[in-house]
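Each chain is listed here by its residues.
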Amino acid sequence: MTELKLQKWGNITVGDELPELHLIVDQTMINNYAGSSGDVNPLHIDPEFAKTTRFGRTIAHGLLSLAFVSQILSKWNWSGWAYSGELDVVFLGPVFPGNGLHVTGKVDSIEKRDEGVFTHCTISCSSEESTVLKGTAICEIKSDEI
Amino acid sequence: MSEYVKYESLVEGDDFLVPPPAFEVTRERVDKYIQATGDTTLELQKQDESGHEIAPPMLAAVYVIEALRTRVGPPGGIHAKQQFKFHRPARIGETLYTSAKVLRLYLKKDHRYAEMTTETRNQDSELVTSGMITRIWGKED
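Residue numbers (my numbering), protein chains in the order written: chain A, 6 to 151; chain B, 20 to 160.
For the record, the hints were derived by calculation from the structure and aren't laboratory data. Beta carbons: idealized from backbone N, C-alpha and C, even for Gly. Check before you lean on any hint, since a few could be wrong.
[Said to hold, decoys possible] List of simulated lysine-lysine pairs, BS3-like, C-alpha gap at most 30 Å:
id, chain 1, residue 1, chain 2, residue 2
1, A, Lys111, B, Lys65
2, A, Lys111, B, Lys100
3, B, Lys127, A, Lys139
4, B, Lys127, A, Lys56
5, A, Lys147, B, Lys65
6, B, Lys100, A, Lys80
7, B, Lys100, A, Lys147
8, A, Lys117, B, Lys104
9, A, Lys56, B, Lys120
10, B, Lys128, A, Lys56
11, B, Lys51, A, Lys56
12, A, Lys117, B, Lys100
13, A, Lys147, B, Lys104
14, A, Lys80, B, Lys51
15, A, Lys13, B, Lys104
16, A, Lys56, B, Lys25
17, A, Lys80, B, Lys104
18, A, Lys111, A, Lys139
19, B, Lys25, A, Lys13
20, B, Lys104, A, Lys111
21, A, Lys139, B, Lys51
22, A, Lys10, B, Lys25
23, B, Lys120, A, Lys139
24, A, Lys139, B, Lys100
25, A, Lys80, B, Lys65
26, A, Lys56, B, Lys100
27, A, Lys147, B, Lys158
28, B, Lys128, A, Lys139
[Said to hold, decoys possible] To list a few chain B residues with every Cβ distance to chain A over 10 Å, as calculated:
id, residue
29, Lys25
30, Val30
31, Asp33
32, Ala41
33, Tyr52
34, Lys104
35, Lys158
If we strip away everything but chain A, and leave its shape as in the complex, we get (with noise of 0.2 Å):
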């Protein structure tokens, strides 16, 4: 198996920044979630439960986060990211009800293999200054969509 690293590959340059996400985290949006998901842990739907709790308040499914992750990749590369997306995050710390969330990504690299042409992106999201998710994700760039 050959590969090649470039800069550059139609639109996509080494560096380019994907479209950010920034939006609030609300108890409205994380019990939203927690009926579409199934996942009814108290820790995020019951106030008086989480109090009992090291976090002392609710906090947001980790895979909340995901999903905004899945939509900023979505955005930039749909058929690549559908088709034949990767990722590989760890879940870093919580994100508290009514704070922000800053959903980010950058190309780091690109790379030519015999199957095809692929981009290896960082990705982060952040809550309030603190990292709460942190990973790789990597796409096919299968046309020319981006």
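Mind docking chain B on chain A? Use the hints.
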């Protein structure tokens, strides 16, 4: 007291979910997820090239975790890491089956870790999503 899976019962290489739990990809379930996550991705609002109505890729966070929740560890466990590979979006009308295998068990800084690989296939065994989850096991009584 509800029963939970004990860490000592996990064995590297074992299948964790037997049989693989089923998840019906319904319009209602997908719409609920899209609304809860505020997803405005345009491609979700139309059929894909093969004429299917599709779900967001990260619906995987719902069907994979729902499958794993059929066998829970003790309370207080932490979802530390997650990997996903999307082979294609799930389609409305499919039934998905998620299997899981214990990959690695290890101790790190006095915490017990469990890594499991997952594979989600539809009713025709087409591969939709694969992944790996790393959990810090909760404290047992």
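How the hints compare with the structure:
Pair hint lysine 111/A plus lysine 65/B holds up; C-alpha atoms about 28 Å apart against a cutoff of 30 Å. With a C-alpha separation of about 20 Å, the suggested pair lysine 111/A and lysine 100/B falls inside the 30 Å cut-off, and the hint holds. The hinted pair formed by lysine 127/B and lysine 139/A meets the criterion: a straight-line CA distance of about 20 Å does not exceed 30 Å. Simply put, lysine 127/B and lysine 56/A have alpha-carbon atoms about 28 Å apart, close enough for the 30 Å limit, and the pair holds.
Between lysine 147/A and lysine 65/B, the direct Cα distance comes to roughly 20 Å. Compliance with the 30 Å bound is thereby established for this hinted pair. Distance check on the hinted pair: lysine 100/B and lysine 80/A sit about 24 Å apart at the alpha-carbon level, within 30 Å; holds. Taking the CA atoms of lysine 100/B and lysine 147/A, the gap is about 28 Å. The hint holds against a cut of 30 Å. Between lysine 117/A and lysine 104/B the CA atoms are separated by roughly 19 Å; this keeps the pair inside 30 Å, and the hint holds.
Of the supplied pair hints, the one linking lysine 56/A and lysine 120/B is violated, its CA atoms being roughly 35 Å apart against a limit of 30 Å. Of the supplied pair hints, the one linking lysine 128/B and lysine 56/A holds, its CA atoms being roughly 26 Å apart against a limit of 30 Å. Between lysine 51/B and lysine 56/A the CA atoms are separated by roughly 28 Å; this keeps the pair inside 30 Å, and the hint holds. A C-alpha spacing of about 28 Å is found between lysine 117/A and lysine 100/B, which places the hinted pair at or below 30 Å, so the restraint holds.
For the hint linking lysine 147/A to lysine 104/B, the alpha-carbon distance of about 16 Å falls within 30 Å, and the restraint holds. Between lysine 80/A and lysine 51/B, the direct Cα distance comes to roughly 20 Å. Compliance with the 30 Å bound is thereby established for this hinted pair. At most 30 Å may separate the alpha-carbon atoms for a hinted pair to count; lysine 13/A and lysine 104/B meet this at roughly 24 Å. Of the supplied pair hints, the one linking lysine 56/A and lysine 25/B holds, its CA atoms being roughly 27 Å apart against a limit of 30 Å.
Between lysine 80/A and lysine 104/B the CA atoms are separated by roughly 18 Å; this keeps the pair inside 30 Å, and the hint holds. With a C-alpha separation of about 12 Å, the suggested pairing of lysine 111/A with lysine 139/A holds against the 30 Å cut-off. Simply put, lysine 25/B and lysine 13/A have alpha-carbon atoms about 50 Å apart, too far for the 30 Å limit, and the pair is violated. Proposed proximity of lysine 104/B and lysine 111/A is supported: the alpha carbons are some 19 Å apart, at most 30 Å.
For the proposed pair lysine 139/A and lysine 51/B, the alpha carbon gap of about 26 Å is at most 30 Å, so the pair holds. Of the pairs offered as hints, the one joining lysine 10/A and lysine 25/B is violated, with about 46 Å between alpha carbons and a cut-off of 30 Å exceeded. Pair hint lysine 120/B plus lysine 139/A holds up; C-alpha atoms about 25 Å apart against a cutoff of 30 Å. Among the hinted pairs, lysine 139/A with lysine 100/B is consistent with the structure: their alpha-carbon atoms are about 10 Å apart, no more than 30 Å.
Of the pairs offered as hints, the one joining lysine 80/A and lysine 65/B holds, with about 15 Å between alpha carbons and a cut-off of 30 Å not exceeded. For the suggested pair lysine 56/A and lysine 100/B, the alpha carbons sit about 25 Å apart, so the restraint of at most 30 Å is met. Taking the CA atoms of lysine 147/A and lysine 158/B, the gap is about 46 Å. The hint is violated against a cut of 30 Å. Among the hinted pairs, lysine 128/B with lysine 139/A is consistent with the structure: their alpha-carbon atoms are about 21 Å apart, no more than 30 Å.
For lysine 25/B, the requirement that its beta carbon stay farther than 10 Å from each beta carbon of chain A is met, with the minimum near 20 Å. For valine 30/B, the requirement that its beta carbon stay farther than 10 Å from each beta carbon of chain A is met, with the minimum near 25 Å. The claim that aspartate 33/B is not at the interface with chain A holds, since no C-beta of that chain comes within 10 Å of its own (minimum 24 Å). No beta-carbon of chain A is positioned within 10 Å of the beta-carbon of alanine 41/B; the least distance is around 14 Å.
Not every beta carbon of chain A lies more than 10 Å from that of tyrosine 52/B, the smallest distance being close to 5 Å; the non-interface claim is violated. At roughly 5 Å, the least C-beta separation between lysine 104/B and chain A is not larger than 10 Å, which violates its mark as non-interface. Non-interface call for lysine 158/B relative to chain A: holds, since the shortest CB-CB distance, roughly 13 Å, exceeds 10 Å.
Violated hints, listed in ascending order, are 9, 19, 22, 27, 33 and 34; each of the other numbered hints is respected by the structure.
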